[in-house]
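Participant: Please work from the sequences and hints to get the whole structure.
There are 4 protein chains.
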Amino acid sequence: LEKLHWDTALSYTTEDGIYIRGYDLNELVGSVPFPSVLYLLYTGTLPQPYQARLIEAVMVASIDHGAGTPSVLAARTAASGGAGLGPAAAAGLLTLGKYHGAAVQGAMEAIYRVADLAAPGTSQLADAAAQVVKEWRNAGKRISGFGHRQHKDRDPRLDRLMAIAREEGVHGQYLNAANELESALHRTLNRPLPINIDGGMAAILLEIDFPIGLSNALFMVSRMTGILAHAYEEIDQMTPMRRIDPLDHGYCGPEPRSIHKHDEGMDHD
Amino acid sequence: LEKLHWDTALSYTTEDGIYIRGYDLNELVGSVPFPSVLYLLYTGTLPQPYQARLIEAVMVASIDHGAGTPSVLAARTAASGGAGLGPAAAAGLLTLGKYHGAAVQGAMEAIYRVADLAAPGTSQLADAAAQVVKEWRNAGKRISGFGHRQHKDRDPRLDRLMAIAREEGVHGQYLNAANELESALHRTLNRPLPINIDGGMAAILLEIDFPIGLSNALFMVSRMTGILAHAYEEIDQMTPMRRIDPLDHGYCGPEPRSIHKHDEGMDHD
Amino acid sequence: LEKLHWDTALSYTTEDGIYIRGYDLNELVGSVPFPSVLYLLYTGTLPQPYQARLIEAVMVASIDHGAGTPSVLAARTAASGGAGLGPAAAAGLLTLGKYHGAAVQGAMEAIYRVADLAAPGTSQLADAAAQVVKEWRNAGKRISGFGHRQHKDRDPRLDRLMAIAREEGVHGQYLNAANELESALHRTLNRPLPINIDGGMAAILLEIDFPIGLSNALFMVSRMTGILAHAYEEIDQMTPMRRIDPLDHGYCGPEPRSIHKHDEGMDHD
Amino acid sequence: LEKLHWDTALSYTTEDGIYIRGYDLNELVGSVPFPSVLYLLYTGTLPQPYQARLIEAVMVASIDHGAGTPSVLAARTAASGGAGLGPAAAAGLLTLGKYHGAAVQGAMEAIYRVADLAAPGTSQLADAAAQVVKEWRNAGKRISGFGHRQHKDRDPRLDRLMAIAREEGVHGQYLNAANELESALHRTLNRPLPINIDGGMAAILLEIDFPIGLSNALFMVSRMTGILAHAYEEIDQMTPMRRIDPLDHGYCGPEPRSIHKHDEGMDHD
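So the protein lines, in turn, are chains A, B, C and D. The numbering of the first sequence is the working numbering, which starts it at 1 and goes up by one. The numbering of the second sequence is the working numbering, which starts it at 1 and goes up by one. The numbering of the third sequence is the working numbering, which starts it at 1 and goes up by one. The numbering of the fourth sequence is the working numbering, which starts it at 1 and goes up by one.
These are calculated hints, taken from the structure and not from any lab test. Here the structure is a predicted model, which means the values were calculated and not measured. A portion of the hints provided could be inaccurate.
[As the list claims (entries may be wrong)] In silico contact screen, one side only, chain A against chain C (beta carbon under 7 Å); selected entries:
1. 78
2. 81
3. 83
4. 87
5. 91
6. 94
7. 98
8. 240
9. 243
10. 246
11. 247
12. 250
13. 251
[As the list claims (entries may be wrong)] Below, in silico cross-link-like pairs of lysine-lysine (DSBU-like), each with a Cα-Cα straight-line distance of 35 Å or less:
14. B:141 / C:141
15. C:141 / C:98
16. A:134 / D:134
17. C:134 / B:141
18. B:134 / C:134
19. A:98 / D:98
[Unchecked claim] Listed next, the stretches of chain C that the computed footprint assigns to chain D, with coverage defined by at least 3 CB atoms under 8 Å from CB atoms of chain D:
20. 50-63
21. 79-87
22. 90-102
23. 201-210
24. 252-258
Heads up, the beta-carbon is just placed ideally off N, CA and C, and yes, glycines get one too.
Facilitator: This is the structure we're talking about:
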């Protein structure tokens, strides 16, 4: 028989424990936030505090987008046919395809290319952005991360993420490159195509040294949380084999409330 | 056409934002930890601080278990055939079945039954545990959460989780019920079958009022993080169509290290 | 390293060929119908001619059920999010759960139990059917294969399958047991609950010695054909991210036509 | 609410029946072979007899390839973790990616391009083949369908399929184009890269007017048959959570046998 030995750089187990990128998992448990351990697994390094706060913010911002997204509808449809929780969630995960959830990675590629073309510390970002717009158009591709179909004007999550980035002192080349891309697109298309939540997340993930190829993974982990909540509600509360209308649905949960009211159990800030 | 209106209690979107169980997602972003937002989605309530710390600890403890688990092997095998990141992870997710990952839920059911049978505040837990062992045996089921195939003696994660529970002042009926189950199993089987990591997580999740039906969802979100890391490494680093040995694999990542050393970037405690 | 050798009874490959249950696949190609090779793989034996005709009839009868089934809607939804053909079809496959597609297996279990309880060649089937109705009701289960939500009166496929069974001289204990179950259900519920297409397929599959545990597999192979056609149409023809209405859809394909008209290319009978 | 009406060209149901591309499914049941109904669903037309025989031959030739393929290993691994039959098969289906099962479609694209470049009825195929080899190399792609990793010399299924094509009088431009591609590859690479089973199937599928975009669908339906057989054997016969060696496995099924021996039940030819 052929020899098949292979190695992973991610993790291993012993009789005594589980080791993640060299750290004993037990040291991480109770000490390091979950999104920071994700960052460790995906990059090989524990995040700096500003990176830890931003990765957590991006994960929270991606956790759910209501009951009408294709991934939730697919998961609910599978559950409605009798799929268990995991298989229903898998149907939802498979729906996170190139049109649904992959925009952050596309935007990271374009923003990274702009920053990469411009010599660091120079004012060449505008020229680089114009060139990238041209390159993408010549290849017949649109630059994702700019414009949004539902939140017409400006996704409110974008302002929040940018405010957190400022609080953490993050204002580097990738955020600048994203702004230059927005301007270059405006000039080329002769109409504004403002940066959207995907473009904003893309710039922030680049600022915190998150690998482009794993941005979809980050999104999938986060959004699986919401998909699983919807799949479980479908299994637990809804009639099997019902026809699931993708538009005609409402909300019957708790009233609007705020974490800043003192009647909430957790003191968050 | 039939009317198909339906309602969800989880979340909704407006032109202005996304609302999770009544909270504006923007308020949560940057303020509330990711595992606490998961807790909110799954229970309808933001966790108390002790609940927030324990849910995060359980999620970190579940994030990965090395390259030899069935879910990782299935994800790597799919990636090796040419599946993209999401489909490969879906193959891994589908592998988290009744023998792999579902033990926490099984243990929660047994522990909950013990606590439910005993009148609160009484010393009837031992009798209840004996009865539950009998009920499960009569139904031809084993009680999951006790014993472990790899970590023969005592899974080190268990001690860590229990220490955190003590730090947070958690020592309620479910932890007691789990101990009584361990004793009842020992008496019945005439050999020790010590509580394992699944049983420990089960007791802790019950202590923090986490719904039994969603414990697998919690595990899936956490473990998807690891599965996606392995799927990406397979796609990015490995030869397509290789034969993946389930045992003959090693580790080529960073050397053993500690978060307590001062050369690490993050000051965690 | 542990020894892991294992054996399969299904198939193997050599430098010279592929062997299915002992037959050189090359001998089967061009000589044996596809459904008969499926039968060989699933039972270990090539079918007799009457078994071959009936397995093929059941597979054709299951190939598609229009655009409004949950499995097709899930596959189209996944495709609409950007999933490729295989992942979209996988989302559809996962939707074939206990409420959608599994009724044949449930019916086989009940019919088999009736035939098994009655001594062969006796007139005890009626008593056995009454007992099985009682057993299922005591266990809180409904007997699947009787009644249908869409085809109110009688699914026309049922008459066709039964006619083919008669043509092939099949009128054994399982068809009789199914009829007795129908009568017993009528008496117990005091209203007719006529055998439906799932119940009819169940009886026929038992008559041709098809294993109960693989009836869902047979259905999945057949229905995957339709699911893949729908997924491909969605990918090839439809707008990405469209909202897919589960009821408000029509048909824009070829006009009604018949295989018996002479303008068709194939001379089938 | 937005209007969402949409149309499919594939099929529809009425109170009376199911219609596939305009044909009453009941007419097809018992009269038309399963692979011919697949052809109808995928192309809109019932096949001519030669097309019907060749589509069936291709489907039988693809039904299984032993226990060591990535798709079977993934399905068995998922089953081993506790996945049910459908979810385990879905894990296998997801493994049929670009390196595993997609070669036929790639070969069809190249062969079609050769035939398309050459004026019909001329002897320009050799030039066209040389050009296509150059185009593919310039684009950094290899032409699939030529060479095979396991069956070093010549896959025996290829000869069988070609013999059936000859029996059916099929010897058109696509088979010629495939031969010319083989010659052009030999000249360019200076070593023989003989057409393999994928290339042969590709040429045959083009000869019978099968749509390129649905060749993977054809393969998936066929191979799902084998994947489901393996998943069921794993669920039914094997120990849960076993480590599945991808190489060290054997065969414990029926002895070698032939359909031409008179002890077999079915008279096939």
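Participant: So, for every hint listed, does it hold in this structure?
Facilitator: Against the structure, the hints:
1. 78: Interface hint status for residue 78 of chain A: holds (4 Å vs cutoff 7 Å).
2. 81: Holds. Min distance 4 Å.
3. 83: This interface hint holds because 4 Å falls under the 7 Å limit.
4. 87: This interface hint holds because 4 Å falls under the 7 Å limit.
5. 91: 4 Å, holds
6. 94: The hint holds - residue 94 of chain A has a Cβ within 7 Å of chain C, the shortest such distance being about 4 Å.
7. 98: 3 Å, holds
8. 240: Holds: closest Cβ of chain C sits about 4 Å from residue 240 of chain A, inside 7 Å.
9. 243: Because about 4 Å separates residue 243 of chain A from the closest Cβ in chain C, which is inside the 7 Å limit, the hint holds.
10. 246: Holds, because the Cβ-Cβ distance from residue 246 of chain A to chain C comes to roughly 4 Å (cut-off 7 Å).
11. 247: Holds, about 6 Å.
12. 250: The hint is violated - residue 250 of chain A has no Cβ within 7 Å of chain C, the shortest such distance being about 16 Å.
13. 251: 18 Å, violated
14. B:141 / C:141: Holds, because 20 Å separates the two Cα atoms, which is no more than 35 Å.
15. C:141 / C:98: The hint holds at about 13 Å.
16. A:134 / D:134: Holds: residue 134 of chain A and residue 134 of chain D sit about 28 Å apart, inside 35 Å.
17. C:134 / B:141: Status holds; Cα separation ~25 Å.
18. B:134 / C:134: Holds. Residue 134 of chain B to residue 134 of chain C sits at ~28 Å (cutoff 35 Å).
19. A:98 / D:98: The hint holds at about 17 Å.
20. 50-63: It holds: at least three residues are needed, and the region 50-63 of chain C offers 8 whose Cβ sits within less than 8 Å of chain D.
21. 79-87: With 3 residues in contact (Cβ-Cβ under 8 Å with chain D), the coverage given for the region 79-87 of chain C holds.
22. 90-102: holds (count 5)
23. 201-210: violated (count 0)
24. 252-258: That given contact holds, which follows from 7 residues of the region 252-258 of chain C lying within Cβ reach (below 8 Å) of chain D.
Consistency note: the structure conflicts with the earlier hints numbered 12, 13, 23.
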